[in-house]
Amino acid sequence: MAKMHTKKMFIRALNKKFGKDFDLASQKTEYKRLGPEQSARKREFMEYSRKLEGKRGVSFYNPYVHAGGIPLGQRQLVPYKLSGTEYIVEGDDLHFVNNPAMQQMWDDIRRTIVVGLDMAHEVLEKRLGKEVTPETINNYLEILNHAMPGAAVVQEHMVETHPGLVDDCNVRIFTGDDDLADEIDPQYLVDINKLFPADQAEQLKAAIGKTTWQAIHIPTIVVRSCDGGTTSRWSAMQLGMTFIDAYNMAAGEAAVADLAYAAKHAAVLQMSDMLPARRARGPNNPGGLSFGFLSDMVQTSRTAPADPTKVALNVVAAGAMLYDQIWLGSYMSGGVGFTQYATAAYTNDVLDDFCYYGADYFVDKFGGFAKAPATLDMVKDVATEVTLYGMEQYEEFPTLLEDHFGGSQRASVLAAAAGISCAMASGNSQAGLAGWYLSMLLHKEGWGRLGFFGYDLQDQCGPTNVFSYQSDEGNPDELRGANYPNYAMNVGHQGEYAGIASSAHAARGDAFALNPLIKVTFANPGLVFTWDDVRGAFGKGGAREFRAAGDRALVMPAL
Amino acid sequence: MAYTPQFYPGNTSVGINRRKHMSGNIEKLRDVPEADVVTIMGHRAPGADYPSTHPPLKEIGEPKCPVRELVAPTSGAATGDRVRYNQFADSMYFAPSIPYWRSYWAAINCRGCDPGTLSGRQIIEARERDLEAYTKKLMDSEMTDVALCSMRGCTVHGHSLRLEENGMMFDMLARTEMGKDGNIYYVKDQVGIPLDKKANVGKPMSEAEAKKRTTIFRVDGVAFGGKTGARKFDEALEALHHMWEYRSKWGFRPE
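So the sequence lines, in the order shown, correspond to chains C and G. If you read the first sequence in our numbering, its first letter stands for residue 1, the second for the next number, and so on. If you read the second sequence in our numbering, its first letter stands for residue 1, the second for the next number, and so on.
The hints are simulated quantities; they were obtained by calculation from the structure and are not laboratory data. One thing to keep in mind: the hints can contain errors.
[Stated by the list, open to error] Pair by pair, the computed Cβ-Cβ distance ranges are:
1) Tyr64/C with Glu27/G: 37 to 47 Å
2) Leu479/C with Ala45/G: 56 to 66 Å
3) Lys180/G with Ser26/C: 42 to 52 Å
4) Lys249/G with Leu269/C: 35 to 45 Å
5) Leu57/G with Thr375/C: 50 to 60 Å
6) Arg111/G with Glu30/C: 16 to 26 Å
7) Lys227/G with Thr375/C: 36 to 46 Å
8) Asn15/C with Ala45/G: 49 to 59 Å
[As the list claims (entries may be wrong)] Which residues of chain C face chain G? A partial, calculated answer using Cβ under 7 Å:
9) Glu402
10) Gly407
11) Phe467
12) Thr530
[To be verified] List time: in silico SDA-like cross-link candidates among lysine to any residue, alpha-carbon distance up to 25 Å:
13) Lys16/C with Arg544/C
14) Lys198/G with Lys210/C
15) Lys210/C with Gly116/C
16) Lys28/C with Lys249/G
17) Lys210/C with Ala267/C
18) Lys380/C with Pro9/G
19) Lys227/G with Phe467/C
20) Lys249/G with Glu473/C
21) Lys32/C with Met178/G
22) Lys227/G with Asp364/C
23) Lys197/G with Lys16/C
24) Lys28/C with Phe18/C
25) Lys17/C with Asn166/G
26) Lys365/C with Gly226/G
27) Lys211/G with Lys16/C
28) Lys180/G with Arg75/C
29) Lys380/C with Lys211/G
30) Lys8/C with Phe233/G
All C-beta atoms in this analysis are idealised placements derived from N, C-alpha and C, irrespective of residue type, glycine included.
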């Protein structure tokens, strides 16, 4: 019954990677040991290195110092197809240093802050007796879009930032109050009714109610010089100055302190929590980003609501890049290895195939998305079927196994497929987590191997924290995050956990997974990264077609 | 009645082989000379003294301790040997052993060792002379096929790759080669340093022999859960379901 659904979406990618004449089923091959010269990108690296070495005055990139003179490329160096897209890029193009779209995705998060307007309006109206109307709000927003990028208001003889360096900065507002939204100048509005499907718009407006919020995106170049902790400070200063200007206040009157307090603390929603001192990061850094928030940042649920699997796959891609490649791979660990690991989840249509297989399986069995009971029996059934299907693909297609050459890659992909399938079947993210852990155990038992030392630890003890709500042992998946106990050190998990959270809600037809304010804020068309097409953006970045913000070329001599 | 450990469920060849590895009751298939084992490990030259990190325990004068009185030190610990390692990679194409079963074998059967398990390699650390004995036992036994397993301290890449045309597991550093006589020779030690003299470790298993002795479940061998569209769960899978369910429930209500 289930066999009819095996689409084997990865075969096209394998053909492109290995060349269409290779034997898909063969367990043997000739290793030509052609070295780094077989890769266009490695050739480019060597050429640049030669060019720059004299200028640097010190030795540089040389793949022949690797492993006692045996360079990379003893096996075929294969390119990567971005899943769900037509982009084929070199592996190197998916390291965030080489991929401006990946950098921009993270920049867009850390430069964002959501600040409520209602508290400030109450101060103006109740304490100062000033009138707040749609007209005054529009005027305020015009001033704010001048000031927020780093321009002066109120004060004389101030330095300002060059508009050409900060043009990605913008502030728009949103509200659940259609009457107010109608009165706001459209250029300043994140229009929920236009950007979201009607049923999602109704859910969002009901959740937001009559409150009004500012989606603030400070200049990319600022957070690239400072960090995410800067965002609330930068925005609060410009908000305060703008209120003074827009509402003709005295610069030093006591009410300004209330406005500043609202802008810095009381009405602020950071994108992520501050981390404990041992991890030494402020708010708005990736370590404190919850899986629910990341699910809401990704906008595929808005533009492809009929395809919950696609929603989850885009969230997985965003999380694999941010949590694995940037957070764990760079902030926490350093080095370059994490990219190789993370790409398995968003390249070559492998996870896509496993997840769509799972979706077909549970739709056949339970009659649709979010129709299955959230029980251990259901999880046992769906997670086992999806995991065994995936393992079988690796066994039947040796180049697929070769493509995911590390056990941790395979474990992430298999468990993500199992978890996402269980979450979509039941509309319950905790059922998804349970499926993830069962998949890990099945994988280990079947092949006698799983990931690496620490990786295996969290997956073998994981089932016990799925349903525990005691202290820090358990939490709904949406509220777990990169700093959750036991999740804080292991690559290949966090993006997938976020995918599980998003998939449960996408399957239910929810407009958001955890926070409606985040969902609407990242619908702002003024963002640089394409939040509804994460994998396409990564492909564009790898293909050198993506234009990121924060460029300094304008104020430097030409190369 | 004396307790007999059961070790592992299932009556397939994979289940039986897994039980054998865990029990330590493994068949000896070859006799690799001790000097060659030591050379391939690469930690000391054959015949050289064992470097030590402390004087023999008898000379140290250990404190009075009931545990020390109860547990006799291994010979490597007693003489103060340093701790060294062996690390093996096993091909997923029917190598006889698999990382977790190497670790189970070591943890159950080898005293004073620290096994570490990864997906593409498995490491055992122990006092040097103890480790050499454990390594020889592994290399001589049915847990090793010389084409599908190799000792690799670093650059282990190969366990999941297609095999070479001659049936050997891929090795970027080409530490082993197949001779014209059909035997496998180590030409480099486990970290890739060339050997002065090749070490012959014997002939590879046939594909049928490897499939008979393997501990990995695969659809083209002994299937773990049947095939897509025709599921049939091995007893090991059913036991695992039981364990997962109890772990999950215990987490919910740990009393």
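Here is how each hint holds up against the structure:
1. Tyr64/C with Glu27/G: 37 to 47 Å: 44 Å, holds
2. Leu479/C with Ala45/G: 56 to 66 Å: Once the Cβ atoms are compared, 58 Å apart, the range 56 to 66 Å for Ala45/G and Leu479/C holds.
3. Lys180/G with Ser26/C: 42 to 52 Å: Because 25 Å falls outside the window, the suggested range is violated.
4. Lys249/G with Leu269/C: 35 to 45 Å: Holds, since Lys249/G and Leu269/C (Cβ atoms, about 37 Å apart) stay within the stated range.
5. Leu57/G with Thr375/C: 50 to 60 Å: 57 Å, holds
6. Arg111/G with Glu30/C: 16 to 26 Å: Between Arg111/G and Glu30/C, where Cβ atoms are some 44 Å apart, the hint is violated.
7. Lys227/G with Thr375/C: 36 to 46 Å: 26 Å, violated
8. Asn15/C with Ala45/G: 49 to 59 Å: Distance hint for Asn15/C, Ala45/G holds at roughly 50 Å.
9. Glu402: 5 Å, holds
10. Gly407: Hint holds; Gly407/C Cβ to chain G Cβ min 2 Å, cut 7 Å.
11. Phe467: Constraint on Phe467/C satisfied, holds at 4 Å.
12. Thr530: 34 Å, violated
13. Lys16/C with Arg544/C: 20 Å, holds
14. Lys198/G with Lys210/C: 80 Å, violated
15. Lys210/C with Gly116/C: OK: Lys210/C and Gly116/C at ~11 Å, within 25 Å.
16. Lys28/C with Lys249/G: The hint is violated at about 44 Å.
17. Lys210/C with Ala267/C: 15 Å, holds
18. Lys380/C with Pro9/G: Roughly 20 Å separates the two Cα atoms, so the pair holds.
19. Lys227/G with Phe467/C: 31 Å, violated
20. Lys249/G with Glu473/C: 14 Å, holds
21. Lys32/C with Met178/G: 17 Å, holds
22. Lys227/G with Asp364/C: 18 Å, holds
23. Lys197/G with Lys16/C: Violated, at roughly 43 Å.
24. Lys28/C with Phe18/C: Distance ~14 Å between Lys28/C and Phe18/C Cα, so the pair holds.
25. Lys17/C with Asn166/G: 24 Å, holds
26. Lys365/C with Gly226/G: 19 Å, holds
27. Lys211/G with Lys16/C: 32 Å, violated
28. Lys180/G with Arg75/C: 24 Å, holds
29. Lys380/C with Lys211/G: Cα-Cα ~29 Å, so violated.
30. Lys8/C with Phe233/G: Since the Cα atoms of Lys8/C and Phe233/G sit roughly 23 Å apart, the hinted pair holds (cutoff 25 Å).
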